[in-house]
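Spelled out, the chains give:
2 protein chains.
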Amino acid sequence: MFKTLMEKTAKKKKSNIVLALDFPFFDLNDKKNLFYKARNIIDEVHPFVCAVKINHHLVLPLGTFQGVKKLIEFIHEKELPTIMDCKANDIGSTNKVIAKYYYSAGFDALIANPFVGWDEGLKPIFEVAKKMQRGVIVLVYMSHKGAKEGYGQLVYDEEKKGKIAQYVSFARKALNWGADGAVVGATVPEKITEIHEILEDKIPIYSPGIGIQGGKAVSAFNAGASYLIVGRSITLAENPKEIARILNEKLKIN
Amino acid sequence: MFKTLMEKTAKKKKSNIVLALDFPFFDLNDKKNLFYKARNIIDEVHPFVCAVKINHHLVLPLGTFQGVKKLIEFIHEKELPTIMDCKANDIGSTNKVIAKYYYSAGFDALIANPFVGWDEGLKPIFEVAKKMQRGVIVLVYMSHKGAKEGYGQLVYDEEKKGKIAQYVSFARKALNWGADGAVVGATVPEKITEIHEILEDKIPIYSPGIGIQGGKAVSAFNAGASYLIVGRSITLAENPKEIARILNEKLKIN
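Note that the protein sequences, when read in sequence, are chains H and L. Take our numbering: the last position of the first sequence gets the number 696, and nothing is skipped along the way. Take our numbering: the last position of the second sequence gets the number 696, and nothing is skipped along the way.
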């Protein structure tokens with residue numbers, strides 16, 4: 443089970459940091475360089491993180507079954523789980539195909555958007571995940587400014603005949619659907635607290651937005667996040683290893 | 443401008459059908475076969491459609507800059523625009539990278555989810571689109587059952603201090619942001635009518651869900667859709683050309 447795999451790895455590596463392997467748009471004539479850059483960062487940083495998250499920054503230029511598959515194999519050699527941050531939000535039949543391809547490439551979990559709903563929406567992803575013994579992490583509140591337009595809006599609850607926040611509705615869906623994780627931005631620590639009260643310790647919170655986006659690692663952690671997703675603060679650093687090491691120490695002392 | 447390119451192509455081809463090049467999960471040892479299958483369908487069907495939409499069914503196994511780029515070139519040789527149905531819903535900096543890669547691969551437009559909001563959300567995609575002279579189509583109401591959970595929910599409108607449907611809010615955003623198109627499922631023709639009243643003729647409606655999903659082409663068209671997205675009814679047919687030809691005739695008579 444993905445949730446258990448994460449707990450074990452975090453314990454073994456003594457780290458709660460998920461490395462987000464994000465890079466800016468890359469010169470397409472220089473794809474090999476991007477591949478080796480990503481590989482080098484994994485090689486340097488792996489002792490200080492508990493998982494690696496990959497997004498379209500690598501999937502689009504390198505290809506899922508070309509460069510990315512090789513990176514996944516390399517990450518697995520370092521005994522780290524891999525997460526595909528595809529924010530799946532398509533119709534069920536397409537989501538099913540998406541999940542099958544990403545899991546076949548080796549990803550241990552993928553991220554999906556609950557806004558798309560259950561029937562003919564995320565249900566097929568959870569079914570594929572169960573069959574292939576992989577994880578599904580759902581978005582509950584994202585880390586950017588505009589998140590308040592959607593994740594932060596008030597929605598009308600049919601059952602309770604009243605207003606609730608969209609992210610509260612998403613957190614409840616995460617529980618009902620048996621998600622393996624919930625994403626809540628480190629830029630909104632007060633929302634981490636609120637969502638953690640709903641999820642209790644049943645579903646761990648993954649918190650992105652540390653560093654460049656303004657989120658503070660320690661306050662996200664104190665608010666109830668289980669894992670901190672850190673990307674450009676590490677990948678764009680002159681010395682990624684040192685940044686990862688220091689951040690890891692900071693959280694442990696805390 | 444993408445909107446004008448679509449109008450011109452539809453007029454020239456005498457068709458309002460957008461071919462969705464969707465296929466089931468494919469044996470990964472047989473990727474070449476998938477590529478040639480996709481290429482053959484374009485070759486057969488191109489006289490009866492006005493654009494081709496590609497989704498992860500091809501991007502994941504074939505690679506954006508490998509097989510898919512070649513397919514885009516082939517589609518452009520047939521003088522048809524190409525749309526990437528990535529349903530982008532990430533943070534701004536990632537959306538920017540996604541848009542740059544897809545547009546660089548040759549796509550004329552991409553589809554994005556307005557749920558992610560404007561600031562540090564979809565704004566960077568619209569900026570890249572403007573700079574590279576490409577299109578952005580936004581989701582307003584999807585074609586699957588679970589769409590009612592998100593797209594169909596009632597949200598609280600801060601300005602008007604009252605409840606409005608999520609899709610009405612999205613249609614207004616599409617207008618404010620200057621989108622080149624809006625996606626509304628053919629499975630909900632009454633919503634096409636309602637959304638068409640908001641968008642008037644400023645933003646064309648693209649309607650998926652014809653055939654296998656239960657949507658009827660003629661009723662979606664009559665309700666106000668400008669383009670009908672047809673996928674598996676064509677791609678899985680024994681004779682894709684004949685299906686496309688008949689559907690095209692049906693809409694023209696209508």
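By construction, these hints were calculated from the structure, which means they are not laboratory data. Among these hints, one or two may not hold up.
[Unchecked claim] Cβ pair distances, simulated, as ranges:
1. Leu678(H) - Ser546(L): 48 to 54 Å
2. Gly594(L) - Gly594(H): 15 to 21 Å
3. Glu632(H) - Glu521(L): 34 to 40 Å
4. Asp469(H) - Glu600(L): 55 to 61 Å
5. Gly620(H) - Lys479(L): 34 to 40 Å
6. Asp561(H) - Met574(L): 33 to 39 Å
7. Gly594(L) - Ser661(H): 33 to 39 Å
8. Asn618(H) - Glu569(L): 36 to 42 Å
[To be verified] Sample of chain H residues with no beta-carbon within 10 Å of chain L, all distances over it, derived:
9. Glu519
10. Leu596
11. Thr677
12. Leu693
Here the structure is a predicted model, which means the values were calculated and not measured. Glycine residues also receive a C-beta, built at the ideal position from the N, C-alpha and C atoms.
Status of each hint after checking the structure:
1. Leu678(H) - Ser546(L): 48 to 54 Å: violated, 21 Å
2. Gly594(L) - Gly594(H): 15 to 21 Å: Roughly 19 Å apart at Cβ, these two residues keep to the hinted range, so it holds.
3. Glu632(H) - Glu521(L): 34 to 40 Å: Between Glu632(H) and Glu521(L), where Cβ atoms are some 54 Å apart, the hint is violated.
4. Asp469(H) - Glu600(L): 55 to 61 Å: violated, 43 Å
5. Gly620(H) - Lys479(L): 34 to 40 Å: Taking Cβ atoms as reference, Gly620(H) and Lys479(L) lie about 36 Å apart, which means the hint holds.
6. Asp561(H) - Met574(L): 33 to 39 Å: Since Asp561(H) and Met574(L) have Cβ atoms about 37 Å apart, the given range 33 to 39 Å holds.
7. Gly594(L) - Ser661(H): 33 to 39 Å: Between Gly594(L) and Ser661(H), where Cβ atoms are some 36 Å apart, the hint holds.
8. Asn618(H) - Glu569(L): 36 to 42 Å: Check passed, 38 Å falls within 36 to 42 Å.
9. Glu519: Holds, since 21 Å exceeds 10 Å.
10. Leu596: At roughly 4 Å from the nearest Cβ of chain L, Leu596(H) sits no farther out than 10 Å, so the non-interface label is violated.
11. Thr677: It holds; Thr677(H) is separated from chain L by about 12 Å at its closest Cβ, greater than 10 Å.
12. Leu693: holds, 23 Å
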